[in-house]
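Colleague: What follows is the residue order along each chain.
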Amino acid sequence: DQQVKQNSPSLSVQEGRISILNCDYTNSMFDYFLWYKKYPAEGPTFLISISSIKDKNEDGRFTVFLNKSAKHLSLHIVPSQPGDSAVYFCAASANAGGTSYGKLTFGQGTILTVHP
Amino acid sequence: GAVVSQHPSRVICKSGTSVKIECRSLDFQATTMFWYRQFPKQSLMLMATSNEGSKATYEQGVEKDKFLINHASLTLSTLTVTSAHPEDSSFYICSANAGLALRTMTDTQYFGPGTRLTVL
Numbered sequence: 001d002q003q004v005k006q007n008s009p010s011l012s013v014q015e016g017r018i019s020i021l022n023c024d025y026t027n028s029m030f031d032y033f034l035w036y037k038k039y040p041a042e043g044p045t046f047l048i049s050i051s052s053i054k055d056k057n058e059d060g061r062f063t064v065f066l067n068k069s070a071k072h073l074s075l076h077i078v079p080s081q082p083g084d085s086a087v088y089f090c091a092a093s094a095n096a097g098g099t100s101y102g103k104l105t106f107g108q109g110t111i112l113t114v115h116p
Numbered sequence: 001g002a003v004v005s006q007h008p009s010r011v012i013c014k015s016g017t018s019v020k021i022e023c024r025s026l027d028f029q030a031t032t033m034f035w036y037r038q039f040p041k042q043s044l045m046l047m048a049t050s051n052e053g054s055k056a057t058y059e060q061g062v063e064k065d066k067f068l069i070n071h072a073s074l075t076l077s078t079l080t081v082t083s084a085h086p087e088d089s090s091f092y093i094c095s096a097n098a099g100l101a102l103r104t105m106t107d108t109q110y111f112g113p114g115t116r117l118t119v120l
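Protein chains in written order, with this note's numbering: chain A, 1 to 116; chain B, 1 to 120.
A couple of the hints might just be wrong.
[Claimed, not checked] When the alpha-carbon atoms are kept at most 27 Å apart in a straight line, the in silico BS3-like pairs for lysine-lysine are as follows:
(1) B:K41 with A:K71
(2) A:K68 with A:K37
(3) A:K37 with B:K41
(4) A:K5 with B:K41
(5) B:K66 with B:K55
(6) B:K64 with B:K20
(7) B:K14 with B:K41
(8) B:K20 with B:K41
(9) A:K56 with A:K5
[As the list claims (entries may be wrong)] Cβ-Cβ distance ranges computed for the label pairs, FRET-style:
(10) A:G83 with B:P86: 34 to 40 Å
(11) A:I20 with B:L120: 38 to 44 Å
(12) B:E63 with A:P116: 44 to 50 Å
(13) A:D55 with B:S15: 48 to 54 Å
(14) B:A72 with A:H76: 38 to 44 Å
(15) B:T80 with A:G60: 37 to 43 Å
(16) A:G60 with B:S18: 40 to 46 Å
(17) B:T17 with A:P9: 32 to 38 Å
(18) A:Q3 with B:E63: 32 to 38 Å
(19) A:K68 with B:E63: 48 to 54 Å
By construction, these hints were calculated from the structure, which means they are not laboratory data.
Note that beta-carbon positions come from the ideal geometry of N, C-alpha and C, so glycine has one too.
The shape of chain A in the complex, shown without the other chains (with noise of 0.2 Å):
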């Protein structure tokens, strides 16, 4: 069963706009959400976290946004640039104290395309 999904496989932006990915999850006991970047034939790369306890946070161009009740978070990117285009994996962590120590689990990913 997929625990975390990314259901949209792909998404297209213009360069300065925002992107927005979205990730959904279904395993209550996750209390942790990452987010990494990540380019073919590469490991990925951390971009942001977020807590549970928390329902936002940003970094720089970054922010992510978590919706318990939902199940659901969210990245965005303002505003987008070309150099943003990559795979993007959300990941969940559950039972590790609000850290990423445990083990994670991923989502399917989302080729983000940011075009010029």
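Following the hints, put chain B in place on chain A, whose structure we already have.
Modeller: Just chain B now, with coordinates in the frame of chain A:
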């Protein structure tokens, strides 16, 4: 940021042979490392959790006798694919827990660049 390396980056082997993949944390010590595999256009699937000085914990459905994991030091974990078959062809990625990241005050896993295994 923390750096994790993997070696080799790409390996092609014949069916029936064994392949060892190394994962190293270059500038930090990692008591816990994780091994993932990724099939084309699919998610990263956790295979096992590797703890320094103890036996690895395997996820359901992962054959421990086929995927041997050794975490002999705080900076090195190895994954050996024994008697490899074409269905073992995949992209294998390790990650290491870097402990508390002062800037973000969160624990963060850092991923290696991955190893592409092709079994003929």
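Colleague: If a hint holds in the structure, say so; if it doesn't, say that too.
Modeller: Taking the hints in turn, this is what the structure says about them:
1. B:K41 with A:K71: holds (24 Å)
2. A:K68 with A:K37: holds (23 Å)
3. A:K37 with B:K41: holds (14 Å)
4. A:K5 with B:K41: At roughly 14 Å apart (the allowed maximum being 27 Å), B:K41 and A:K5 satisfy the hint.
5. B:K66 with B:K55: holds (15 Å)
6. B:K64 with B:K20: Given pair B:K64, B:K20 holds - Cα atoms ~14 Å apart, limit 27 Å.
7. B:K14 with B:K41: holds (24 Å)
8. B:K20 with B:K41: holds (24 Å)
9. A:K56 with A:K5: Holds, because 20 Å separates the two Cα atoms, which is no more than 27 Å.
10. A:G83 with B:P86: 34 to 40 Å: About 36 Å separates the Cβ atoms of A:G83 and B:P86, which means 34 to 40 Å holds.
11. A:I20 with B:L120: 38 to 44 Å: Hint holds: Cβ distance 43 Å, inside 38 to 44 Å.
12. B:E63 with A:P116: 44 to 50 Å: Given about 47 Å between the Cβ atoms, the range holds.
13. A:D55 with B:S15: 48 to 54 Å: holds (51 Å)
14. B:A72 with A:H76: 38 to 44 Å: holds (42 Å)
15. B:T80 with A:G60: 37 to 43 Å: This hint holds: roughly 40 Å between Cβ atoms.
16. A:G60 with B:S18: 40 to 46 Å: holds (45 Å)
17. B:T17 with A:P9: 32 to 38 Å: Holds, at about 35 Å.
18. A:Q3 with B:E63: 32 to 38 Å: violated (22 Å)
19. A:K68 with B:E63: 48 to 54 Å: Cβ of A:K68 to Cβ of B:E63: about 36 Å, so the range 48 to 54 Å is violated.
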